Amino acid sequence: MKGSFLKTTIAATALLAAAGSAWADKANDTLNVAFTKELENVDSYFNSAREGVVLMRAIWDGLIYRDPATNEYKGNLAESWTWIDDTTLEFKLRQGVKFHNGEAFNADDVVYTVNFVAKEENGVKTQRNVNWMKSAEKIDDYTVRIYLKEKFPAAIEYLSGPVAIYPNEYYAEVGPSGMGLKPVGTGPYKVTEVVPGQHFVLERNEDYFDGPKGKPAIGKVDIRTIPDVNTQMAELFSGTLDLIWQVPADLSERLSSMEQFTVANESTMRVGYLAMDAAGRTGADTPFTKLKVRQAVNYAIDRKTLVSALLQGKSQVIWTACFPSQFGCEQDVAHYDYDPEKAKQLLAEAGYPDGFSTEFYVYRDREYGEAIALYLNAVGIKTDFKMLQYSALRELNMKGEVPISFQTWGSYSINDASAMVSQYFKHGSLDDARDDQVLADLNVADSATDPEVRKEHYSKALKRIADEAFWAPMFSYNTNYVFTKEVSYTPTADEVLRFATMTWN
Amino acid sequence: MLQFILKRLMLAAIVALTVSFISFSLMFLSGDPAAALAGETASGEDIEAIRTLYGFDRPMLVQYWEWLGSALTGDLGQSYYFKLPVASLIADRLGVTMTLGLCGITFALLTAVPLGVAAAIRPNSFIDRLSLFMSVAGQAMPSFWFGLILIVVFSIKFGMLPPSGASTWKHFIMPTIVLGYYAMPAIMRLTRAGMLDVLSSDYIRTARAKGASEVRVLFKHGLRNAIIPVVSLAAVQMGFMLGGSIVVESIFALHGAGFLAWESIGRNDLPTVQALILVFAMFYIVFTFLADVLNAWLDPRMRSS
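Residue numbers (our numbering), protein chains in the order written: chain Z, 159 to 663; chain A, 20 to 324.
One chain only, chain Z, in its complex shape (with noise of 0.2 Å):
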């Protein structure tokens, strides 16, 4: 970390400075918030990052709403839907809605944002969110019909999700990067300036519709990039900025002393694990294919230090191939209490008495990695470590060439086990377990209709994971909220900033 000690300095004149400054704009009624990352488009279906996810439920609207505290799904768009068959859903829309520039929202909308995004050649950045989708039929203006490829159960949890619905004349005309560089949706806060990937500026839809979001309070939201934590908290402290967020722990403990600030912490779907090599793809015979070795590994692991230690806040010791929340996410597996004894017995009896060395692939989070190679080290595991870029990572382990990594996902922030577990064990290039037996189930867990039914065999599916330790899940991610006093905000656990919920005290 290049700043502890910069930290510390502006944290301690901060305190010093902090006394006499003017506060916020609330008087403007403008929020500042800063993000770090450079978002590069602003239509949702064409970024994969964190930041799209938070314009996304600002600027547009999905058919159907789940409520974050309750999970509870309720209509958005639409006001009500029935499963016709196994594959048919049926919308009611909602009447009276107008697009931020003025066109009505109807059927034709959903028929044309559905019929365009599930088009594979669209190019729409993440398919998983969209390509389970065929078409869209129109039956009457507010009526208005989805078709799936497959029996897809997850979808009412897709369609709250990632599936915005866009003006259909608009989006015609302008494609995805004139969307991306003037929005247009009918969510509670309407885009009036974009310089891409640096600056946006959100002002409140003042004739949003009665709807579950709720009507916004704030009346701007002013969003810059600034890409240097150290710097978004000397804008947080000279009262140029009123929200940050993804606060790294050790700042957020100095920042929570302050009492001009609220700092919030929050869990986030984010799961950290470690992945192994157990189909043999690196060689046969090798050490990561014995079941004892990769009991060893799981054993190697103290998960309560790493999470009290390093992750701190809302994070959790997990255990399973999911998060917790997730529909389907069994919580009732094999448990791997910290046993650094019982890892050198079970390696020792895999034919290991005096450990082996092995490569050892992180891609992000080198501090976890770090303390992980620590542990594995520790019960004879000799760790050759190797950072390197996501996607470069990526490419080995498609090829099949890590023996062991340690990896993150966050399931698009979805709350269904088909998110995460079936991304990886369904014999797809990133899978290194290749298990029949998992396949089967997770095969039929995605695509009963039965919730009783999707949950037994996800069950089944995860407790052979468990078991086989083809997986050492480890922890959960969170992050931290910092914003002044004069801002309300209660954070979800979904990790996504909702501007409409937000208010000045």
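Incorrect hints may have been included.
[Stated by the list, open to error] Using 27 Å as the maximum straight-line C-alpha spacing, the simulated DSS-like pairs for lysine-lysine come out as follows:
1) A/LYS189 to Z/LYS195
2) Z/LYS184 to A/LYS176
3) Z/LYS340 to A/LYS102
[To be verified] Facing chain A, according to a computed beta carbon distance under 10 Å, are these residues of chain Z, among others:
4) GLU198
5) GLU278
6) GLY338
7) LEU449
8) GLU553
9) GLY586
Just so you know, the hints here were simulated from the structure itself, not pulled from any lab data. As the structure is a prediction and not an experimental result, all values here were calculated from the model. Glycine included, each C-beta is placed from N, C-alpha and C at the ideal position.
Please arrange chain A on chain Z, whose structure you already have, making use of the hints.
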């Protein structure tokens, strides 16, 4: 003189071509661009489809030739990340970097040259010690640290200057100082050494002997000769500033071309990185070329070499 310029121009063109080729090939060694483009959720088939679509499956030389051809006509391709033309993306951000670079080098020259001259006039005096101290501090202090200290003092403590952004001239004050300060020490020391050398030479003694005023001696006879190596150095520093203002741009959230380069490397945004390397290299080459010409104009001896 014309022959000298032509020779230098040829050399510059060869260097530009070499740099563009090296940058093009380097990016191919750094990972599979198709996998990077496809993103987190793509399958093997998706990646293969992208490989064919973007033509990554063709021989590298063919791809280079094609890229160079369209680059010469101003078409630098489309950014994989922003899906916008690279040329307009760079044009948007180059303004900030250019402004910053020019302000930085001007600041450096305006402070470093007078200090260097003053130090040379009175070697080992207080002013000489002060300038030595400043140059040591400038070389030793990392720019991210210096930048943050300025922010703490001028934005947080006194609330005089905005901490980040690029919307008004006030936003450029701190970045200019940070960037310029880094280039200052070398210019100052070189001015001092050059002046000391020149001031002890025979023709200065002659100038003084024939009764020329001290100002005339120092500036007309002294500085004009001592400044020659400084011009070359300033040109090199200017090129360095344009490409090397990444840290400064990131601290002050300036979103210039340097920052774009840094981010694009992380995103494997091949067309943007290639275009930026080309643009930076061209700047560097142009500045070096101009410095050579300027030097030759200032010092006729250089034209023959």
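Against the structure, test the hints numbered earlier, and report the numbers of the ones violated in rising order.
The structure breaks only hint 7.
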